[in-house]
Structure formats: structure tokens, C-alpha cells
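**Q** Residue strings, one per chain:
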Amino acid sequence: MNEPQVAVLETELPPHVGYFADVWRRLRRNKLAIAGVILLAGFFIMALFADNYIFVAPRMLFRVDVHKVGPHPLAFIKEWHTLTKEHVSPLLAPYDPYKQNLLLRKAPPSKAHPLGMDEVGRDVLSRIIYGSRVSLEVGFLSVIGAIIVGVFIGAVSGYAGGWVDNVIMRLMDILLAFPSLLLALAIVTILGPGLLNMLYAIAIVSIPTYARLVRASVLAEKETDYVLAARSIGAGHLRILFRQIMPNALTPIIVQGTLGIGTAILDAAALGFLGLGAQPPTPEWGTMLSRAQQVFFSAPHIGIFPGIAIMLAVLGFNLLGDGLRDALDPRLRM
Amino acid sequence: MLRYIVQRLLMLVPVLIGISIITFVMIRLIPGDPARIMAGERATEEQVQRVREMWGLDKPIHEQYLIYMKNVLHGNLGRSLKRNESVVQELRWALPTTIELSFAAMFFAILIGIPAGIIAAYRQNSWWDLLVMVGSMVGISMPVFWLGLILIYVFALKLGIMPPSGRLSVGVKIKPITGMYTVDALLTGNWRGFLDAVHHLIMPAMAVGTIPMAIIARMTRSSLLEVLRQDYIRTARSKGLSERAVVFRHALKNAFLPVITIIGLQLGTLLVGAILTESIFALPGMGRLIVDRILSRDYPVVQGAVLVFATTFVLINLLVDISYAYLDPRIRYQ
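Residue numbers (our numbering), protein chains in the order written: chain A, 22 to 355; chain B, 2 to 335.
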């Protein structure tokens, strides 16, 4: 009597899959999330292959004249970088994003220049393709930075508890009391405009979100039996925190981080648009729009296409983030 | 209820102090002599000295903070460098402009967002549903300033049915009382002025309101779907009520609380949206003021505007919280 039941049980047991394989398995069923993945894949390819940098750089590694640059590693890297820059040529981008053709200023889309030329005669398509680099870099770096700091703050706060927790969380409340872009503006005021300063500002602004997420996970887990078990066999605080507790915070961080990259790209574009982020002639989407504003009515294509690029990239992260949330954390489903 | 309000007011104190510290520190973190920064690059040695005395910049930092707070509480935020007037005077007309725009945007967001969400839930998995869901996703991903430019291009330039910028047409006068033109026009019974002010508000409100609209639509949909799964809805259906009666009489009321919560949470989005759109529509509000003065290094105005902006945000949030407690008694006992 019992045997068939056992057999049924065995076949029903799912094969063991790792965390990310499991995520992918669930995500695959969500059409919108897949649309997001495809969009993002497009932007990653654009960023990676805008020019042949990743093919040239390894070759140039061997061409650096060691006798010339001396023993200092930084000098080596600098020389390597300049050498690579000299030999790089556009790959996916049809033209050099900095090269101006003054005769074709504000030229509308044509066969040679599918998205037209900008206000000083640069190819808009090429600039958008190169711009994906800036946006993805800012998005990823600021979010990774914010996660690292936020995880640390949140973990300490939740694990320590008591007055430490109280002080840290009140500080986070104050940061959250500012609308995010206003705080970013205040930080840019202090640091001055520029791509790197903008990156810091965007990262700092999003720290409290991650700190709170992590703190909540830590608080939920730290009284559980398995943590007690770990403590009873003599595990130290750091080991308990990072080996036992933190894996539970992974899911909300991944979801929030994905959505956060979209927000960061949007904020970066906003600061660029206001003239406080990446400075011209950097091909950054928001900065491109800022320039386009003055000529928008005589040559709308200069502004329309960078805006579409921002929208699609942010849409990609939002679709993926939403899909991840649905797949990973049904409680947060919206 | 009174106890809850007092409690919330007490919680406000540390946040307000935090905001004041951030704005206080902001000026002192900018590289250079704070007195020189506050007095402006072209100030004479005497003027710099006067500023130094007024803000106690030669005293220890904690005394400086107390002097700063004393000045702020007396309504002295310093003098604008760009215009020969006090910072308070500059903010006096900028703040109502931004608040008016935010309210108009919220009105637009609710007007479209809630019906869209209801339709999507009412006809779940239909084309309408898909349209609302995809549309709201796109809306969330759109750069606000870009949307503003597109609106001006289409409705003002191509169709000519909307004014491209400003708050009033040439020749229309409104006696300023509060600084919110629509309110002032109504107060003085100036119907022509009212209609003109509303006409000028429509496009900025659409641009700023799009993201909140998308979020409200999604929240309405998911909240309504959640309620429609409840037992009492099944009871209502089983006793033969029409689907319309079930949705509108039984489900909607209970579905609204999360929607109201999310509406309150959108205040930050609105204020940030205002920062980004005011420049495009040439509206003399807080956002435009802050951005303009960061670029022209008019730091006293930036400092004052950030302080007032953040304080306004916190106070409005407080009002929202108190009104929830009024609407949902459960909140008071948490």
C-alpha cells in the first residue's frame, strides 16, 4: 500500500536548482519581464560594442613600452589607456560621437544618419549608442555603491539594536525626509557639477532605502532558531550576520537594486539635463537633451531620440525588476 | 486622535533639526571661505566682513549653528546675491507657484489614474487591462522633462491649442494674494484670469502628474483585485448582484485606503517633478530657483530654498499622515 505513495513523492520532488537558476525558471513565464530582459540585452550590447575597445584593450596591454613608463603601476595603466584610446574605432556606432560636421548641423534623419545630426553636427545615433555606456555605468556603479554602504549600515543597525539602531535609523529618516532629487541637488551643490560627483550624489541618496531593507531582514531573522543554533556552536557575530542572516536579505536587495538602477539612470539624466551632471561634450542622454532643448522646436529629432533611449532603458529595468518581485517575493506583489 | 497628533508632532522635531543641520553644513562643505561664499565672488572685503559678523562665521561651529537657527527662526535666511533682496522675499512667490503646480498635477493624476485602475481591474486580462498596465509602466519610465518638451512641441507648437510657457497670457492681470494664481483669481472673482491661469497650468500638470498617475492606476488595480477576492464579494455575487454593483458599491470603498496611502507617498515625486519641469515651462517656482542659483552660485538662495522646500515636504507629509489616522482608526493604535 505504501510503496506507490513513496514513488509518487519521489517524482514530485523538484530537482535541486540553485538560487539564480530558480529565479530564471520563474522569470521565464513572465512575458513583460522577458521584454525587459530583451531591452536590457540590447542596451548592454550597445554599451559593450559601441566601439572595439574590449578587443583593442587586451592587445594594447603588450604594446605598452615598459622602459618608457617606468615601474609605477598607475603610469602603466595610464599609458595603456591612452594607447588603447588611440587605436579604438567605432564598431556598432556608425560614427565618432565627438566628430562634428558643421555643414550638417541640425540635419534631420537621413539614410546616412538615421537619427539625424545634433546642434553642432554630430551623429545622434552614435551619441546615443555611446551614451548607453555612461547611463549603464552610472546606474550600476551608484546602485552597487549604495548597496554596499546600505547593507553595512542596515546590518549593523539591525544586529546591534538598542541606541545604535535608534541613532542610525533616525539619521536615515532625515535623509528620507528630503525628496531624493532635492538631496542630490544639495550634494551636487557641495561637490560641484560633473559626472563623478553626480554618481556620488545618486548613490548617497539611495543608501537609506537599502539600509532599511537590510535592517528589516536582519530584525526578522536574528531571533530565529537557526541563528540561535549557529550562535550555540560558537559562530562569531560577523559569521552569523553574513553567512546566516544576510542570504535572507538577498531577494529584496536584488529586486530593489534592479528598480534602483532604472531610477538612477533617470536621476542621472535629470541632473545632466539641468546642467549639473555629465558635462558636454560627453555623450550622456540627459546632457544631450539639455542641449537639444534650445533647438527643440526647429530640430525636434535631436531631443526626441535621447528621450526615447532613456525611457526604454528605464523601462527595461522596471519591467525586469517588477518581474523579479513577482517571481521572488509574492508578498510584495502589486 | 489628539494624542496621535501630538506624538507625530514630537517625531517631527528631530527631522526638522536634521534638515536644518544639513542645510547649515551644506554651505560650509563647499570649498572656500564660507563668508566669501555667502557674500558672493564680487563682494568687497567690507561686505564679506559684514556677512561674517551676521552669521558668526569667526565663532566655533556649534555657536555658528545656534546663530543660524536664531536667524532662520526670525525669518532671516540671508540675502540673495543675484537680486538685491532677501532670500525670504525671493521664496515668497516661488513657493506658491510650486505648490499650485503640485496640486494641479495631483488633481490630474487622480482624475485619470483612478478610473484607469478601476477599468483595468474590472476587465482584468482584457486589452484595456494590458493597455493600462503597459501604459503605466511606460509612464513611470519616462523622463519628466522630456515629456514636457514633447507636450510643448505637440500642443503649443504644432496644434497651437496650449500656451507654451509662463503662468498667464500677456495682458491678463491677477492681483497676487497667496501667489497661487488660480486661487487669487477666484478670491478676486476674476474669471478671465482664472481660466487663463488654468489654461497655462494644464501642460505642466500633465508632465508632472504622469508618474503619480501611473502609480495610482497600478495601485487602484491591484488593490481592487485584492478586494474582489474577498469572501464578502463572493457573497454579494452569489446573492445575484450585478458585477457593476459589486465593484462600485461593495469593493471600491475598501479598495481605496491603499490608494490614498500611495497618493500621499507621491508628494515627493510631485516636488521632484516640479524641479524638472518648471524650467521648461518657464514657471518661476522653487525648482527653477534652486537649479538657476546652483548654476550661478547664489548659495544663500540655494540654502534657503532647500531648507524651505524640505520643510514644506515634511509638513505636507505630516498632514497626510494625520488625515490617514482620521480615515483609518486602526493606524492610531499601532
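Don't read these hints as lab results, they were simulated from the structure.
Be aware that a few hints might be false.
Covered by chain A, according to a simulated footprint, are these stretches of chain B (three or more residues, beta-carbon under 8 Å) [stated by the list, open to error]:
#1 135-142
#2 230-237
#3 275-285
Straight-line Cα separation of at most 30 Å, BS3-like style, residue types lysine-lysine; simulated pairs [said to hold, decoys possible]:
#4 60(B) with 127(A)
#5 174(B) with 132(A)
#6 83(B) with 159(B)
#7 83(B) with 60(B)
#8 120(A) with 132(A)
#9 159(B) with 174(B)
Built from N, CA and C at the ideal position, the CB exists for glycine as well.
**Q** Could you run down the list of hints and mark each one as holding or not?
**A** Structure-based check of all given hints:
no., hint, in the structure
1, 135-142, "holds (count 5)"
2, 230-237, "violated (count 0)"
3, 275-285, "holds (count 4)"
4, 60(B) with 127(A), "violated (56 Å)"
5, 174(B) with 132(A), "violated (51 Å)"
6, 83(B) with 159(B), "violated (36 Å)"
7, 83(B) with 60(B), "holds (27 Å)"
8, 120(A) with 132(A), "holds (18 Å)"
9, 159(B) with 174(B), "holds (27 Å)"
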